[in-house]
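Student: Listed here are the chains, written in short residue letters.
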Amino acid sequence: MLKKRLIAVLILREGQVVQSVRFKHTNVIHYNPVHAVEAFNKWAVDELVVLNVTRSANSAAQFAEAVASISRHCFVPLAVGGWITDEAYATTLLRSGADKLILNTAFADDTNLVNMLAARHGRQCIIASMDVKLNEGKQTVHVDRGRRDTGIEPLEWAKRAVDNGAGEIFFNSVDHDGARKGYALDVLGRICAAVPVPVIAFGGVFSWDHLVQGISAGAEAVAAANIFHYSEQATRKAKAFLAEAGVSVRQEGRLLT
Amino acid sequence: MSSVSIIDYGMGNIRSVMNALSEIGTTSELVADPSAVSRFDRVILPGVGAFAQAIARLRESGMKEALDQYVATGKPLLGICLGMQLMCSTSSEDGEHQGLDWIKAKVVRFPDIEGIKVPHMGWNALQFASGDPLFAGLEESGDVYFVHSYYVDCADKKDQVATTEHGIPFASMFRRDNLYGMQFHPEKSQQIGLTLLSNFLKS
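Chains as they are written, first to last, in our numbering: chain G, 1 to 257; chain R, 1001 to 1203.
Simulated from the structure, these hints should not be mistaken for lab results. Idealized CB from N, CA, C, for every residue including glycine. Be careful, since some hints might not be right.
Unchecked claim - Below, a sample of chain G positions facing chain R; criterion: calculated Cβ distance under 10 Å:
(1) Gly15
(2) Ala44
(3) Arg123
(4) Val197
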């Protein structure tokens, strides 16, 4: 049986790991992302997501270099995203050691790119990142790092993303991001029930119980960023908590020697 | 000079395999030139993507012939993911295709079973019998990382040395003489994966 996954997210701005609060990125947590990756590697994390939130598209080359150095220390699947606007850059990221590509704005502006990448690398390689935000009492999907409202309802968006080639959904809520109150469970649960692909829950985790809530809502994988940087062995403790709560998580297969 | 080669035929994330070997203290070379293959003592055939396209590339580049000759010398070769599937007789992925035919096995799609998602993607348990040096240092079960929609059905079940359950049990590893196959990604399976790669290098 497939295990539920625990994913650590690194938010990179100009190559440094930053904290994310409602999509604002001011505090630097690590100057060198490799330090964070080395810790997560030892701490039983199942997958890494690395996002480039630098405001300028000029950051693309620097980000690819960061991906290359991260991949040298990352022996779990590595998904990366941010400023993927053409096929050549997608290839650069994969050649830098990424296993999966995370696209967000392209699902609104350039579905041809998404189709093409899915055909070329397989759907398992394409993750649709969707950011929902409450606007005048209604949840809609926002793109361009949460700044542009597409006006499209989350369920409709998720279904279209799958039709366009997404093999996974990376769900986030701008309102919950860094807000420490757990995932946006209502919308998350509805999306999990409506799409045939795995959903990764993200945004708002401040206790290990929030992770369990994400799994209960139907997510195949639960992700967090800020909280994993605050204590030693954080991801290992999170995994132990999930296991204790009855969630089937990866066995590390202790070495005999 | 390093003696481990990773076959580069334009399919998949080969950088990760190199990184993993480097982590366990082994330098490796990417090899795209068929005439270079015979220089090596270990060959890794990686791969992600479609079977038909991959086998066509191996044929057109002359790599198939070079690999046939290498394998005939009895030196070890490890196929990873699609690489493992290519070592089989046939695949039914998008039509019927001939493989390298070193292992008597068919590559077939997971059956439709309620509640079982295809592709099989994520961490799943590797079941094996200890005793084989290939599993030295490992417990009898542990999770490894898979991404695939087709699996290997060995004609001779003795060839399968590890199995995994995804709706049905399937061969997650095979071994016959100098030929090794891993359906999962050892380079992405943390400590277990690195241990398996390290054991292959000692084989």
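Student: For each hint, tell me whether it holds in the structure or not.
Tutor: Here is how each hint holds up against the structure:
1. Gly15: violated, 19 Å
2. Ala44: holds, 8 Å
3. Arg123: holds, 8 Å
4. Val197: holds, 8 Å
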